[in-house]
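A.B. asks: These protein sequence lines map, in sequence, to chains A and B.
Mind the numbering: the first sequence is residues 1 to 471 in my numbering, read in order.
Mind the numbering: the second sequence is residues 1 to 328 in my numbering, read in order.
Hints listed in this document are in silico derivations from the structure and should not be mistaken for laboratory results.
It is possible that part of the hints are untrue.
As the list claims (entries may be wrong) - Listed next, with one range per pair, are the computed distances between beta-carbon atoms:
1. A:Ala154 - B:Pro93: 29 to 37 Å
2. B:Ile46 - A:Glu461: 42 to 50 Å
3. A:Arg59 - B:Ala60: 49 to 57 Å
4. A:Pro66 - B:Gly82: 29 to 37 Å
5. B:Val144 - A:Asp300: 21 to 29 Å
6. A:Ser222 - B:Gly172: 15 to 23 Å
Stated by the list, open to error - Some chain A residues flagged as far from chain B (calculated, every beta-carbon gap over 10 Å):
7. Lys139
8. Glu170
9. Trp206
10. Asp225
11. Gly226
12. Pro290
What the hints assert, rightly or not - Straight line, CA to CA, 20 Å or less: simulated EDC-like cross-link-like pairs of lysine to aspartate or glutamate:
13. A:Lys327 - A:Asp410
14. A:Lys382 - A:Asp151
15. B:Lys97 - A:Asp151
16. A:Lys262 - A:Asp410
17. B:Lys97 - A:Glu439
18. A:Lys396 - A:Glu418
19. A:Lys468 - B:Asp92
20. A:Lys432 - A:Asp241
21. A:Lys285 - A:Asp267
Just so it is clear, CB atoms sit at the ideal spot from N, CA and C, and this is done for glycine as well.
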Amino acid sequence: MSQEELPRRTISRRSFLSMLAFSSGASLLAACGATVQPGGQSIASDSESSNSAAEEASRPAQATGPAELRWEFRGDEVEFERAKANIEKFMEKNPNIKVKVERAPDEQRDEKLVTAMIGGTAPDVFEAWGDIVYKFADKDQILDLNPYVSDLSADDLKDFYKWQWDGFAEFNNIRFGMPKYVNIMCLWYNKDMFDAAKVPYPDKSWNHDDYANAMKKLTIDSDNDGLPEVWGGWIPAWSWDRFWYRLPMWGGDVRDANDPAKCTLDDPKSQEALEWTRKLMWDDKVLAQPLALGAKNWSDAVFYPQKAAMCEDGTYPQAVARNVAGKFRWGYQHVPVGPAGIRKVLGTTDGFCIWKNTKYPDAAWELVKFLSGPIYQEDQVKATGLLPVRFSVLEKWEKINVEQAPELADVNLNWAVEALQEGYPSSRRVFKNQNAAAEIIVPALEKVYSIGDTPVSYLAEIAQEVNKSQQ
Amino acid sequence: MLNLASLSLIGTGDLVMAQNTTALSKKPRRRLSQRQIEELVAYLFISPWVIGFLIFTVGAMLFSLGLSFFDTDLLSRTRFVGPGNYIALFQDPLFIKSLWVTSYYSLAVVPLGTIIALLIALMLNQKIVFQGTFRVIYYLPALVTGAAVAVLWTWVLNPDIGLLNGALMRLGIPRASLPRWFLSETWAVPSIILMSLWGTGANMLLYLAGLQSIPTQLYDAAKIDGANSFRLFWHVTLPMLSPTIFFNVVLNIIASYQVFTQAYLLTNGGPNNATLTMVMYLFRKAFQQFYFGYASAIAWILFAIILAFTLLVIRSSDAWVYYEGSRR
């Protein structure tokens, strides 16, 4: 949409809503009008609101009296009950803060959260991560935690992973939250399939040639019809948040490091990286082609039914152990190093955010500080097996997981500890206008990797289109 | 306006305005007629729906009409742009694509759905063994929710292990030549059409009800005149069923242009926007990208298209819909 060409006439939010309410008939909208009232801040243009967010360096005032917070929790029923028990401990230590834990909807949670923000009923604390937080940060809905983190001691700050900590400050010059957990991409492999094909297990020294050779040896296509019964590997190259990290391993990138409006998918190194995946998928047919679109098309559909010998996915040891259920032996390993001598994977910035219109920012800060703290983090590891956000808890991560599921002693959990100590994971680069970039890049990825009838040069062609969309 | 608290029923339904006992003693009692009472009761009964309709449907529609003239995210940005959103829409290739995808779907699913539902109803109207069981079986898909249907069809149309491709392989089609259904730009919309046609049981039920209400003496008279099966169908069944067909076509046009669930759950509009329907695009623009004004403009264009097609069908109905007792 050519928004720039449209006539500019900024009006206040209040007058805008009033005008609409009036035009819709005062009596009809009397009920609606009451819900469209998100805190009464004045309306400014996008750039104005971003600037004001960046300039704000002090803490907003808190309402007087005991604080009542709503925390929207994402997780299953068991984790939810555990979170509530933890909150009891928090409230004992903070008698002036009451926290109501609400389970986030399983479906369309982000859209419902947006609606709640517009309606002025969003929870005080909710979860967001790099891929979605820009939507809220752009709309000035996230409390900047920069003025708050100065509370933390130097030792406390050192306990967080630097790359993840920095990732929380990548949007609009604000710190959008405190870390909740970290998910880093790694290689899952089926040891039984490796043994059957007499292929040595992957190790940290593997490069992408070793990776491709192993895929070829592990692929089984007994009737030679070009559609194997077992694929050597599975990489979600068509996925917006997973395809990008192979590019730095070749020395390329999705976006210019210094210019968030410049797409670099046309860089020859980026093109080589993109072609490596496409060729294995569609020419050599050893890397699994997508079997479905959307949520159904994930590692569960290939790894647990033993339709792929290797998968690149996140770190969920307890969930994988539950799903494998002893049917085969499996292991974790680092994603192989790239031709440029670089190892890079997605490391997420899953965090706890505070809604900017909360009445109790100080109390909400105490809550998110607790949730990122060692007590909650350790309990979260026990409940979910997910990687914690602190080195001090990471030391216990492997031991806790093996206690919870003894078969995990055999899967090399130590790779994750190494990865976090080395600090090679990182969050994805974000474009200046991320929505516009995604609207062009996602269909192009589907064309190249899901449909499979298009060369990677198409991704170079659309780079110019992406650049134009950022103007 | 009547004050309901001041109404009292007297005798067998006489309603008296008892606003003020003092006034009553001075003024003659105003009695409402039985008809007025019935009307009042009727309005009282429908008033919850009417109020809900006015606030949550008409009110929301007017609100969205107003929004369509603004560039707004309802949070931080609000700019009056007049018809700017409507102009921008027709320069937006993705909107044009969504218009094409939705029209393709609608133009296929409405006639095919009508014909298939009618054929099934005709078959199930025959006196066959297990007639009731067959009726239940054909109607069952209509009871399944959209999300469950979507999950089911991911298995049926899975290019690798799906039931349909399995059946096609048994017919001798090589594996490499089989359609990739939702993963193919060519086959993605036909896949969704196929899914929708599977749930045609609700239409079938209406046709079946329509068929059973056709007086048998019309068939008897036609048979005496020497009509064969085709002529019976053409000259008796179709004209007598035309009001039901008309009703179904109008409803199907409205529903087909609003197609969303299948595309949202199965393909998220892909691959390469091959299943980007208008409502899917509206949803993306509003709730994922926060262009609420732009999304409202899409909603109003969608409304105009549906209205135009519906009026077209209604206008044309004089030529093909026959109401018993009416003269042509």
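A.B. asks: Determine for every hint whether it applies to the structure shown.
C.D. replies: Verification of the hints:
1. A:Ala154 - B:Pro93: 29 to 37 Å: violated (53 Å)
2. B:Ile46 - A:Glu461: 42 to 50 Å: violated (59 Å)
3. A:Arg59 - B:Ala60: 49 to 57 Å: violated (38 Å)
4. A:Pro66 - B:Gly82: 29 to 37 Å: violated (49 Å)
5. B:Val144 - A:Asp300: 21 to 29 Å: Since the Cβ atoms of Val144 of chain B and Asp300 of chain A sit about 23 Å apart, the hinted range of 21 to 29 Å holds.
6. A:Ser222 - B:Gly172: 15 to 23 Å: holds (19 Å)
7. Lys139: violated (4 Å)
8. Glu170: Glu170 of chain A clear of chain B: closest Cβ-Cβ about 19 Å, beyond 10 Å.
9. Trp206: Fine: 28 Å to the nearest Cβ keeps Trp206 of chain A off the interface.
10. Asp225: Check fails; 5 Å does not lie beyond 10 Å.
11. Gly226: violated (5 Å)
12. Pro290: violated (6 Å)
13. A:Lys327 - A:Asp410: holds (14 Å)
14. A:Lys382 - A:Asp151: Violated, because 28 Å separates the two Cα atoms, which is more than 20 Å.
15. B:Lys97 - A:Asp151: Violated, at roughly 52 Å.
16. A:Lys262 - A:Asp410: Given pair Lys262 of chain A, Asp410 of chain A is violated - Cα atoms ~44 Å apart, limit 20 Å.
17. B:Lys97 - A:Glu439: Answer holds: Lys97 of chain B to Glu439 of chain A is near 13 Å, not above 20 Å.
18. A:Lys396 - A:Glu418: holds (14 Å)
19. A:Lys468 - B:Asp92: holds (14 Å)
20. A:Lys432 - A:Asp241: Distance of about 16 Å is within 20 Å: holds.
21. A:Lys285 - A:Asp267: violated (25 Å)
Checked against the numbered hints above, the structure violates hints 1, 2, 3, 4, 7, 10, 11, 12, 14, 15, 16, 21; every other hint is satisfied.
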